[in-house]
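Trainee: If you read the sequences in order, they're chains A and B. Here the numbering used here runs 931 ahead of the position in the first sequence, where the first position is 1. Here the numbering used here runs 931 ahead of the position in the second sequence, where the first position is 1.
Check before you lean on any hint, since a few could be wrong.
A pair counts as met if it fits within one copy or between any two copies, since identical chains are not told apart.
Straight-line Cα separation of at most 30 Å, DSSO-like style, residue types lysine-lysine; simulated pairs [to be verified]:
{"hint": "1", "residue 1": "LYS1291", "residue 2": "LYS1092"}
{"hint": "2", "residue 1": "LYS987", "residue 2": "LYS1020"}
{"hint": "3", "residue 1": "LYS1048", "residue 2": "LYS1171"}
{"hint": "4", "residue 1": "LYS1291", "residue 2": "LYS1123"}
{"hint": "5", "residue 1": "LYS1291", "residue 2": "LYS1127"}
{"hint": "6", "residue 1": "LYS1132", "residue 2": "LYS1291"}
{"hint": "7", "residue 1": "LYS1288", "residue 2": "LYS998"}
{"hint": "8", "residue 1": "LYS1127", "residue 2": "LYS1069"}
{"hint": "9", "residue 1": "LYS1171", "residue 2": "LYS1020"}
{"hint": "10", "residue 1": "LYS1288", "residue 2": "LYS1193"}
In short, the hints are calculated from the structure, not lab data.
Protein chains: 2
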Amino acid sequence: MKSDAFSRRGFLHTAGAGAMGAWLPRTPRVRDAEASLVGVSKWDLDTPALCVDLDKLEQNLATMKAKLAGTGVATRPHAKTHKCPAIAKLQLAAGAVGVCTAKVSEAEALFANGVDKILMTTSNVTANKIRRAMTIRKTNRNFIQAVDYEPNARELNDAAKEAGVVADVVIDVAVGTRSGVPAGAQALALAKLVDKLPNLKLRGIISYDGGAQHIKGFSTRLERTLQNFEPSVQTHDMFKRAGLSTEIFSGGGTGTYNIMTKVPGFTDLQVGSYIFMDAQYLEIGGESGDVYTDFVPSLTVMTTVLNTYFPGRLTTDAGAKALTLNKPDAIVIGEKGFVYNAGSDEFGSIRYETAAKTYKVGDRLELIVPHCDPAVNEYDVIHGTRKDRVEVVWPISARGHSQ
Amino acid sequence: MKSDAFSRRGFLHTAGAGAMGAWLPRTPRVRDAEASLVGVSKWDLDTPALCVDLDKLEQNLATMKAKLAGTGVATRPHAKTHKCPAIAKLQLAAGAVGVCTAKVSEAEALFANGVDKILMTTSNVTANKIRRAMTIRKTNRNFIQAVDYEPNARELNDAAKEAGVVADVVIDVAVGTRSGVPAGAQALALAKLVDKLPNLKLRGIISYDGGAQHIKGFSTRLERTLQNFEPSVQTHDMFKRAGLSTEIFSGGGTGTYNIMTKVPGFTDLQVGSYIFMDAQYLEIGGESGDVYTDFVPSLTVMTTVLNTYFPGRLTTDAGAKALTLNKPDAIVIGEKGFVYNAGSDEFGSIRYETAAKTYKVGDRLELIVPHCDPAVNEYDVIHGTRKDRVEVVWPISARGHSQ
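Looking at chain A on its own, in the form it has when it is part of the complex (with noise of 0.2 Å):
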């Protein structure tokens, strides 16, 4: 088929737009209503609507000050997991050093929303994304880079030259075999290459271990996250006796932030979910019991009911899209009968036996997220309440910002 719509005409609007379009946006994303919200409930916002109730967060951000206090451990958040300036922003109030991104596109949408101490988690292993990163560098004193090949730091120092800074770098060191440079000698190795090249600036070691943070059971996952940092940690000493810079020590997360401080020489937490908890992170369990207590679930996402003709089952409108795939479940607060399945991409399903209250369509309910990152991550604005009010709209600028 030749197609009419790849008209000439309508293809030239396309590429004129582009051509013309530096920073208009082209795709309007948030609605003017937004600014109204202010005040409004929770319960009669258009839904699916992501929410952060604010005394929780806050109550977030004062446990793990107060939990650090005296480790000597800081925080270094991720932001990740928020991908939104205003919440770095009180994460770094609340005495983080700094925060983490995954992806330079995140690190650009915090630096232009006013966030500049941030330590980017991944390496940028091609030319464009290693000119990103150098371009935001070259404004911003307080960025930092990670690096895990030799090639890679070579090329990040000639990108540095060319951009005419001196660039902070940290060796990401692997636990397990997802990413970074393997622990020992290949790591020592690096970072001498790094410690030398002269428009590198080495400034220590990241080491992160994924598979750590959701071991159930504390007494089991304080074993093996120590076991499994122990290459890092000897890395770490190598470092040291190497004269190479050990400023930076950093890793760890919300599973593993209260284990974490017990490693010498470590400096920082790349905690996440610890400002929003999930049903992932209830179900790791804390030192005190099976359902881990630590923080408080801040984050939630409210739904409609839209069906109630099927006996034992209710249909929302909160489905995969709202809500991601993640296990176990979405937690329907209030409900302990109800088993919500968002297998669905635009609809929720509830099974249930039992409920509190007889639901008609149009009722609201409100979830706990499976897993907190990428349920964010499926939104454009994060609705901050306060007594169940609407106080703030927070734009998640980073949202999508997977590259």
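Since chain A is already given, all that's left is putting chain B on it; use the hints.
Mentor: Showing chain B alone in chain A's frame:
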């Protein structure tokens, strides 16, 4: 607004609409670098990058048109798949009688970008969403709304009256237990009510069997689809006998497009995935084999290899936020021995025993996504390529519009 939605005039029109309570752009989502991407090889794009091969997309549009020729059944493609006004326009140009949306916010985004023939397949059950829908209807005579409850029909009638319109409505007849009014007497009673309400105009029936689309094996799918749909057919006949409109009798999807044509009185197919295809649809099997080859995979995600240190493994930059957690796993084109795991939010993990080449950091891979609809929803733009070169960059205007 007409088809020049991307022109300066179109943009101002959109911005102007904001003042009336529709849209106000706040967060620039699309990098200005995009304009310069035209002509670039998809193998050089920053990744993860969502791409559609335009030759294959056009082939799928042409195939559907050819397969339906002479059947008397039209397409009314579901825009929840692509959320992209440009693709909706291609479908209309290829003969579609309209498009569907699942959410009112999708309908708003499409209409704001020049698509007017819209049937919204989900009922709006709250006052504010009904108001949003009627706001569309006030300026769009081609907007059709679904209803599945009597009280809701009365609310729609009141809102239509307030908006000064007679709103077009279809009855959503349930197949299964997810959405819609139960087939038979309840559906008939609702239709009679709609027919009587002065500010509603009954246009017919929609009836969608979500579960049928992915039944493996054509003969089983054929049998079960027609069996499941029988109550809807009987309801359609009841409408006819009662002198109610059956002008629209819409349903079906990509997995049943060549089955629903056998349903008497059936008018149009809500096909979505046929334009893109995905790993899920490939495995449902076609009339002549285990692989569903009626349409060709046109949609892919480009990803970059980040880590090659560990034997039998590769790490890429496309994880759950780039591909979703849908199963089956993403397919690496050209590497039959690769097992792709997108279970990590930010990283893809590949396990392999044999590979067509030795990969190094920075190499690109091209992936067929697990399930096209939610994967598209992770991106702001889709790169339309021809012979691997970017020809156009389309905004996914309704991305994240889950309300």
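Trainee: Would you mind marking each hint as holding or not holding in the structure?
Mentor: Hints, verified against the model:
no.: 1; hint: LYS1291 - LYS1092; verdict: between (65 Å within a copy, 25 Å between copies)
no.: 2; hint: LYS987 - LYS1020; verdict: within (17 Å within a copy, 46 Å between copies)
no.: 3; hint: LYS1048 - LYS1171; verdict: within (25 Å within a copy, 67 Å between copies)
no.: 4; hint: LYS1291 - LYS1123; verdict: between (66 Å within a copy, 22 Å between copies)
no.: 5; hint: LYS1291 - LYS1127; verdict: between (68 Å within a copy, 24 Å between copies)
no.: 6; hint: LYS1132 - LYS1291; verdict: between (62 Å within a copy, 25 Å between copies)
no.: 7; hint: LYS1288 - LYS998; verdict: neither (39 Å within a copy, 50 Å between copies)
no.: 8; hint: LYS1127 - LYS1069; verdict: within (21 Å within a copy, 68 Å between copies)
no.: 9; hint: LYS1171 - LYS1020; verdict: neither (33 Å within a copy, 62 Å between copies)
no.: 10; hint: LYS1288 - LYS1193; verdict: neither (48 Å within a copy, 43 Å between copies)
Of the numbered hints listed earlier, those contradicted by the structure are 7, 9, 10.
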